[in-house]
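Novice: Single-letter residue listing:
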Amino acid sequence: MSQKRPWHTELSSLVVTLCDDGTLAAQTVREIATHAAITVEEAAGNYLPITIEVADARPIHQWLESLPGVQYVDVVFCSTEVPHEESTSPLTS
Amino acid sequence: MHINRRHFLKSTALAAAVAAAHQKAFGKYENTELEPKPGSDGVKWDKAPCRFCGTGCHVRVGVKDNKVVAIQGEQLAEVNKGLLCVKGYHVGGILYGKDRLREPMLRKNGKLEKISWDEAIEVIAKRIYNKPEQFAIYGSGQWTIPEGYVAQKLMKGGLSNNHIDPNARLCMASAVTGYVSTYGVDEPAGCYDDLDACDVMIMWGNNPAEMHPVLFSRVIDRRSKGQEVMLIDIGTRRTRTTEYSDEYLEFRPQSDLAIANGIAHLLIKNGTYDKEFIAKFCNFRKDTDEPSLFGQASTFEEYAALLEEYTPERVEEISGVPAEKIRMLGDLFARRDIRITSLWCMGVNQHTRGTNMNRLLHGIHLLSGHFGKPGDAPTSLTGQPSACGTAREVGTLAHALPGGRVVANAEHRTDCEKVWNLPEGRIQAKPGYHTMKMWEQFCTATEKGGDIDTIWVQVTNPGHTLPHLKKFFTAKKDLEDKFLIVSEVYPTATTELADLVLPAAMWVEKNGVFGNSERRTQQWFKMVDPPGNARDDCWMTIAVAHKLFEMGHPGMKDKDGNFIFNIVDNAGTTIPVWEWGHYYDVNTDEQLFEEYRLLTFKKHKDVAPYQELVKACGLRWPVVKKADGQWHETPFRFMEFSDSYVEQGKGLQFYHSVTKDDKALIWFAPYEPATEEPDEQFPTWLCTGRVLEHWHTGTMTRRVPQLRNAMPHAYVEMNPEDAKEKGLVNGDIAVIETRRGRIELPVWLDGRGHPPRGSIFVPFFDENLLINELTLGAIDPISKQPDYKKCAAVVYKKGTPPPVTTPKG
Chain A
1 MSQKRPWHTE LSSLVVTLCD DGTLAAQTVR EIATHAAITV EEAAGNYLPI TIEVADARPI
61 HQWLESLPGV QYVDVVFCST EVPHEESTSP LTS
Chain B
1001 MHINRRHFLK STALAAAVAA AHQKAFGKYE NTELEPKPGS DGVKWDKAPC RFCGTGCHVR
1061 VGVKDNKVVA IQGEQLAEVN KGLLCVKGYH VGGILYGKDR LREPMLRKNG KLEKISWDEA
1121 IEVIAKRIYN KPEQFAIYGS GQWTIPEGYV AQKLMKGGLS NNHIDPNARL CMASAVTGYV
1181 STYGVDEPAG CYDDLDACDV MIMWGNNPAE MHPVLFSRVI DRRSKGQEVM LIDIGTRRTR
1241 TTEYSDEYLE FRPQSDLAIA NGIAHLLIKN GTYDKEFIAK FCNFRKDTDE PSLFGQASTF
1301 EEYAALLEEY TPERVEEISG VPAEKIRMLG DLFARRDIRI TSLWCMGVNQ HTRGTNMNRL
1361 LHGIHLLSGH FGKPGDAPTS LTGQPSACGT AREVGTLAHA LPGGRVVANA EHRTDCEKVW
1421 NLPEGRIQAK PGYHTMKMWE QFCTATEKGG DIDTIWVQVT NPGHTLPHLK KFFTAKKDLE
1481 DKFLIVSEVY PTATTELADL VLPAAMWVEK NGVFGNSERR TQQWFKMVDP PGNARDDCWM
1541 TIAVAHKLFE MGHPGMKDKD GNFIFNIVDN AGTTIPVWEW GHYYDVNTDE QLFEEYRLLT
1601 FKKHKDVAPY QELVKACGLR WPVVKKADGQ WHETPFRFME FSDSYVEQGK GLQFYHSVTK
1661 DDKALIWFAP YEPATEEPDE QFPTWLCTGR VLEHWHTGTM TRRVPQLRNA MPHAYVEMNP
1721 EDAKEKGLVN GDIAVIETRR GRIELPVWLD GRGHPPRGSI FVPFFDENLL INELTLGAID
1781 PISKQPDYKK CAAVVYKKGT PPPVTTPKG
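Line order of the protein sequences matches chains A and B. By my numbering, the letter at position 60 of the first sequence is numbered 60, and the numbering carries on one by one without gaps. Each position in the second sequence, counted from 1, maps to that position plus 1000 in my numbering.
No lab work stands behind these hints: they were computed from the structure. Beta carbons are placed, not taken as given, at the ideal position from N, Cα and C, and that holds for glycine. Possibly wrong hints are sitting among the right ones.
Unchecked claim - Listed below are several chain A residues computed to face chain B (Cβ distance under 10 Å; list not exhaustive):
#	residue
1	58
2	63
3	71
4	78
As the list claims (entries may be wrong) - 16 Å max Cα-Cα, derived EDC-like pairs, lysine to aspartate or glutamate:
#	chain 1	residue 1	chain 2	residue 2
5	B	1010	A	41
6	B	1225	A	41
7	B	1225	A	20
8	B	1131	B	1453
9	B	1010	A	53
Could you put the whole structure together from the sequences, leaning on the hints where they help?
Specialist: Structure (structure tokens):
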């Protein structure tokens, strides 16, 4: 229903809140780091800073939320570059 | 995007995420100061509050080549601590829809045609000059404080006309009447710090996980740190908030009144109310025969007797919430070892008994003593970025004046006339038309008594948001002598009927000041130019006022014969800011704000000086200069440890008490059925509301491709069992009818929201599918706020006849 067209984002950064289980959290960080569109920085405690580049960020966001070692995902940065699709009036779309 | 620019932006993005992670983990800010000059990537950053909801998150806006190129959460902002929601991080995109309005347009022979600004200003001035008493302004909780202030002064001080009301009437008028009738003064005592201190958070008809996500994230984050916070969702459908909640109490629409009374009943029956607290700080109240703002005095004994019938079993009968859950709530409020915060928003306010429901929520907190300590707070949230700042504090409501004053009070009128240097008696004592009356009069033929002939709409979209649109908006179409002026940024359902369209600057295309839900006043500077010939709303109002001045309208002169908006330079020389070329010669916003500030002290709503706001990410009023020479904000009002206006030794003092004895009022209000309940012909409850991706009518968010694509159109949420009975599956087109209209919508089952049997939910953001053609238009008798959350509907599959069924709700 809500994803008929891609959720394209040139660049955004997020903070992923990891679970308290250290083993599961470390495994989750490794899994996140394998994603081609994601760059991972060093975690601060349970909080993992990442960036997402040139991707449909919405499914990635949802994928992150679905990982067993993830408690919550917050967004902190987003570029406002106009994506490939032109912005049009919803009155006429 | 050029590779170097991407590289630099990526560094910034990562730094923002690292800083936010450190802040979350260690409570420390790193890498946080804004550079005064552009960085090596050419991007200059400055602070602004987000353009959307009432939370009041601060963002950092990255500008290059006169264009907003990036947004990040402001790490220094106490409200959001560097985080943003999905709308917030796309807020920069709202400026760049392809169909921005760029030129003034006048309807000629049925078509909008480009005209000059001079012509537009003259057209408006002539409409006002000819019939000033039939002119009205319909404004907004999205007005900046200076925008609302100039409109207020033009109308009430200049034209002696009180027909000005904001769209905030549709979203928080019942919160205002709730606060005023309980504490004698508007706006919350607590603040967002309560979310960090509460042990229990109760959400009354509220879905903060989607509507105030940054605040909700703040609470969820406490859980991730190992803190225990019990979340209780009291609602009429399951939402994303429910998924995080420990308890979900589903109630029959309108019966929240009974639940609140059930809690009060148990506190009294079990002797667990806070006797010392109510003896020191509370009086009792009940309504008069005709509902009124201040009602009549009551006693504890009478209050207890009136609550007698609200036993848990009786409340279960009314609400559908099991008696054991009512007891659970009663037991929680009875405890002194925990702190309870109640949050509410549209579910409680958009209610034909919204004032009463607000009163009852304050009442159970007062009765139980869950008030006056961080974490113990009854707090209403607002939906618009300056509903508090501009609608409530500037007093742009039809009955109000700045700083908590009202037109009906002679002393209050005199205060304003003095600050505005107006002759005595200029301001009229009779309240103007509230929103619903204003539009009803506009949509009624003049010969039938429709005595509003011109409305100027600023920064809002009533052609989309008013309930029962046929009666309150589109009826204008056939009335030749009515004239609709709309200042807007994009084409909307309102501009479609406009006779004159004015292209407006928005957000960081102009200077501004907002006031958020926790009494926090937030300032920002213009960062980029508006497109084409779009201009500031504040300028438009001043330009029209000056045209009236030139035409000889006596109200545009002060006592000394000077123009009522006299903006000067450092030498005191008048700057002709009514000419667009001079508008930014000085900071007009600052001068208007400082004039407004003089009116904020009477009710202890002291806003900070403009230059203090420049330095801060917002300050919560009252902002008071103390012996250390510094300006101090007030997180917790009425509480001695925080509020400078509480007398020493009082601890807690309701210093604007209705009863003039420093006590708040605990009200009794009965459960009363909804105005329109399901019946055989219309057997289903219809509830409307918002979605995460779109802000209100989608005028801005639907221009952001990422947001539009994520939620492209409206839908109807149904219970799967109801859908099955009607032969509907996901994606089928359902017909929804009420007594006021009909609409066709795709069905969404098991999506985000899960309505119970006998009810449906439809979001209102979609201008191609206007659900407000179906909503009721019934209003709260005190606040005059309409109910958008409940009316009776029938649903059936397109191509089949309407079924005849019995009510299930």
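Novice: State the violated hints by number, sorted upward, taking the hints as numbered earlier in the document.
Specialist: 2 and 6
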